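> Please construct the entire structure, taking both the sequences and the accompanying hints into account.
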Amino acid sequence: MKRPTCSLETPAAMEHGSVRDPSSATFSFVDEDHTLANSVRFALNQDPRVSLCGYSIPHPSDSRVNIRVQTTGDPAREVLKDACQNLMLMCQHVRSTLDKAVDDYRSNPTDMDTK
Amino acid sequence: MSEQESSSDERMSSEEEEEEQKKEEGFSYMNLPDVEWGQLPPHIEKQRSRVHLKPDAPTNTETLQYSGAYASMGVDNSFRLDNFRDNFRIKVIALDKDKMEFDLIGIDAAVANAFRRILISEVPTMAIEKVFIANNTSVIQDEVLAHRLGLIPIKVDPRLFEYLSANDTPNEKNTIVLKLHARCLPGQSRRTVYSQELKWLPNGSEFAKESENPNSKPSTYTSFSCSQDSLPEFASNPISAMEDIIIAKLGPGQEIELEAHAVKGMGKTHAKWSPVGTAWYRMFPEVVLLENVEGEDAEELVRKCPIDGVFDIEDTGNGKKRAIVADSRVCTLCRECIRGDEMWERRVALYRVKDHFIFTIESTGALPPEVLFTEAVKILEAKCERVITELS
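Protein chains in written order, with UniProt numbering: chain A, 1 to 115; chain B, 1 to 392.
Do not rely on the hints blindly, as some may be mistaken.
Unchecked claim - Below are the DSBU-like pairs computed for lysine-lysine, each with C-alpha atoms no more than 35 Å apart in a straight line:
1. B/Lys155 x B/Lys130
2. B/Lys378 x A/Lys81
3. B/Lys97 x B/Lys179
4. B/Lys130 x B/Lys91
5. B/Lys130 x B/Lys179
6. B/Lys304 x B/Lys320
7. B/Lys155 x B/Lys209
8. B/Lys99 x B/Lys173
9. A/Lys100 x B/Lys217
10. B/Lys46 x B/Lys217
11. A/Lys100 x B/Lys130
12. B/Lys268 x A/Lys81
13. B/Lys249 x B/Lys99
14. B/Lys130 x B/Lys249
15. B/Lys217 x B/Lys173
16. B/Lys155 x A/Lys100
17. A/Lys81 x B/Lys354
18. A/Lys100 x B/Lys320
19. B/Lys209 x B/Lys268
20. B/Lys321 x A/Lys100
21. B/Lys249 x A/Lys100
22. B/Lys91 x B/Lys304
23. B/Lys179 x B/Lys199
24. B/Lys99 x B/Lys199
25. B/Lys249 x B/Lys155
26. A/Lys81 x B/Lys46
27. B/Lys304 x A/Lys100
28. B/Lys249 x B/Lys268
29. B/Lys54 x B/Lys99
30. B/Lys173 x A/Lys100
31. B/Lys354 x B/Lys304
32. B/Lys155 x B/Lys320
33. B/Lys217 x B/Lys199
34. B/Lys99 x B/Lys130
35. B/Lys97 x A/Lys100
36. B/Lys46 x B/Lys91
37. B/Lys378 x B/Lys199
38. B/Lys91 x A/Lys81
In case anyone wonders, no lab produced these hints; they're calculated from the structure. These numbers were taken from a predicted model, which means no experiment stands behind them.
Take a look at the structure:
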């Protein structure tokens with residue numbers, strides 16, 4: 001079995017993976033918790049390129065989460081980035097829908113169903 | 001395509017034969033109708049989309065997120081943004097200046113929960129962090145007084161301020177100074193000090209700092225370069241604290257004189273910075289009558305339910321009565337209706353809809369609830385963006 005052989009350290013995110021096989025890696029985020037990790041896990045799980053993903057908080061006193069991504073071949077890093085991208089687009093849609101729903105409610109408080 | 005059609009024709013005729021057989025042999029799973037490719041059979045669809053509440057415990061509580069979860073049935077469970085856009089809806093139920101209830105439909109619990117968590121602990125507000133007490137002869141101790149002041153919501157948009165870091169000097173961009181000077185003169189009766197007595201000092205602190213060098217220029221605890229009320233955002237709407245909150249009670253001859261410095265912070269540091277009283281959601285309750293409940297039983301069902309308005313009785317003509325589900329939204333899913341005799345479990349089914357959230361936000365007053373939700377969504381976006389930039 002391949003052991004983690006590299007760690008590319010950036011201020012808040014770290015990738016632990018293998019040089020030869022970029023398709024599986026563990027990403028370590030500081031100053032994040034279930035809020036981001038569980039949403040990202042949701043987005044990753046819904047990506048057909050992902051064969052396994054999960055997250056853990058190694059210690060409750062450290063504000064750090066580890067997100068494990070294993071893919072069917074694509075680089076884990078790119079797949080994680082795409083998952084975040086999807087989540088962002090989802091958020092943008094939620095935001096615009098809410099704005100519309102609130103406007104509709106204000107103009108007509110009895111019937112409000114916004115798509 | 002044509003091949004498939006012809007084969008489905010064959011299936012039709014064979015189905016008829018099977019129907020005949022079924023009548024002779026009784027029930028067999030072999031005789032169940034085929035489910036179209038690319039469509040979940042009704043019972044799987046139910047498991048996917050509903051939590052089923054049984055008298056003892058709920059079942060099917062999990063959501064299957066894995067993209068290939070239904071691949072064997074030709075159903076793609078992967079994320080499609082256009083699908084999400086088509087299915088996602090928001091319905092505002094009630095909205096006023098400090099409370100909002102709305103339905104989030106077509107979103108996963110993971111994301112709805114992220115919004116809730118962010119609302120409670122990561123949307124910033126301003127709250128009193130430092131209290132300089134010049135005089136306090138009231139019965140309430142300094143530290144208790146300071147704690148009480150901290151919890152008072154400040155009515156100001158936190159987006160107009162910056163965070164005060166450890167090495168920063170308090171200035172007009174990161175600090176709000178409020179003054180409180182209340183006294184009860186000797187001979188007067190006891191009085192209550194309310195939060196509206198906190199007066200905003202747009203020019204910053206008025207308390208002079210003690211200095212070792214008596215010749216140095218006197219300085220205060222803040223260094224404002226300009227008055228806050230000269231800034232366009234505060235010129236027409238002065239900063240104030242939430243009214244009608246009791247701070248302390250003063251007896252005759254007692255006095256409180258202090259200055260409170262409010263800074264920007266987040267609920268995860270201390271609950272005083274949380275912009276919401278609370279924010280919560282519940283899954284939409286669904287009550288289904290599986291068979292007709294009539295006559296005496298209908299009345300018993302209405303009696304069993306502790307909530308008004310979930311069940312109702314309808315007249316079916318010629319004096320007969322039948323129970324109907326009038327409004328499942330108000331159901332608390334207490335399961336009282338399926339308790340007792342086992343026949344009730346066969347008659348009534350209780351579900352939670354897994355992707356329909358009744359979301360409620362109670363604002364503390366700094367920002368209106370709809371703005372808070374927008375801010376929470378923006379924060380989740382910012383988190384995603386941070387991950388993307390750091391991995392690029």
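> Could you run down the list of hints and mark each one as holding or not?
Hint by hint, here is what the structure shows:
| no. | hint | verdict |
| --- | --- | --- |
| 1 | B/Lys155 x B/Lys130 | 18 Å, holds |
| 2 | B/Lys378 x A/Lys81 | 18 Å, holds |
| 3 | B/Lys97 x B/Lys179 | 27 Å, holds |
| 4 | B/Lys130 x B/Lys91 | 41 Å, violated |
| 5 | B/Lys130 x B/Lys179 | 12 Å, holds |
| 6 | B/Lys304 x B/Lys320 | 20 Å, holds |
| 7 | B/Lys155 x B/Lys209 | 28 Å, holds |
| 8 | B/Lys99 x B/Lys173 | 29 Å, holds |
| 9 | A/Lys100 x B/Lys217 | 55 Å, violated |
| 10 | B/Lys46 x B/Lys217 | 75 Å, violated |
| 11 | A/Lys100 x B/Lys130 | 40 Å, violated |
| 12 | B/Lys268 x A/Lys81 | 27 Å, holds |
| 13 | B/Lys249 x B/Lys99 | 30 Å, holds |
| 14 | B/Lys130 x B/Lys249 | 21 Å, holds |
| 15 | B/Lys217 x B/Lys173 | 23 Å, holds |
| 16 | B/Lys155 x A/Lys100 | 26 Å, holds |
| 17 | A/Lys81 x B/Lys354 | 27 Å, holds |
| 18 | A/Lys100 x B/Lys320 | 46 Å, violated |
| 19 | B/Lys209 x B/Lys268 | 32 Å, holds |
| 20 | B/Lys321 x A/Lys100 | 43 Å, violated |
| 21 | B/Lys249 x A/Lys100 | 47 Å, violated |
| 22 | B/Lys91 x B/Lys304 | 31 Å, holds |
| 23 | B/Lys179 x B/Lys199 | 5 Å, holds |
| 24 | B/Lys99 x B/Lys199 | 27 Å, holds |
| 25 | B/Lys249 x B/Lys155 | 23 Å, holds |
| 26 | A/Lys81 x B/Lys46 | 33 Å, holds |
| 27 | B/Lys304 x A/Lys100 | 41 Å, violated |
| 28 | B/Lys249 x B/Lys268 | 31 Å, holds |
| 29 | B/Lys54 x B/Lys99 | 33 Å, holds |
| 30 | B/Lys173 x A/Lys100 | 33 Å, holds |
| 31 | B/Lys354 x B/Lys304 | 26 Å, holds |
| 32 | B/Lys155 x B/Lys320 | 58 Å, violated |
| 33 | B/Lys217 x B/Lys199 | 26 Å, holds |
| 34 | B/Lys99 x B/Lys130 | 29 Å, holds |
| 35 | B/Lys97 x A/Lys100 | 18 Å, holds |
| 36 | B/Lys46 x B/Lys91 | 23 Å, holds |
| 37 | B/Lys378 x B/Lys199 | 33 Å, holds |
| 38 | B/Lys91 x A/Lys81 | 31 Å, holds |
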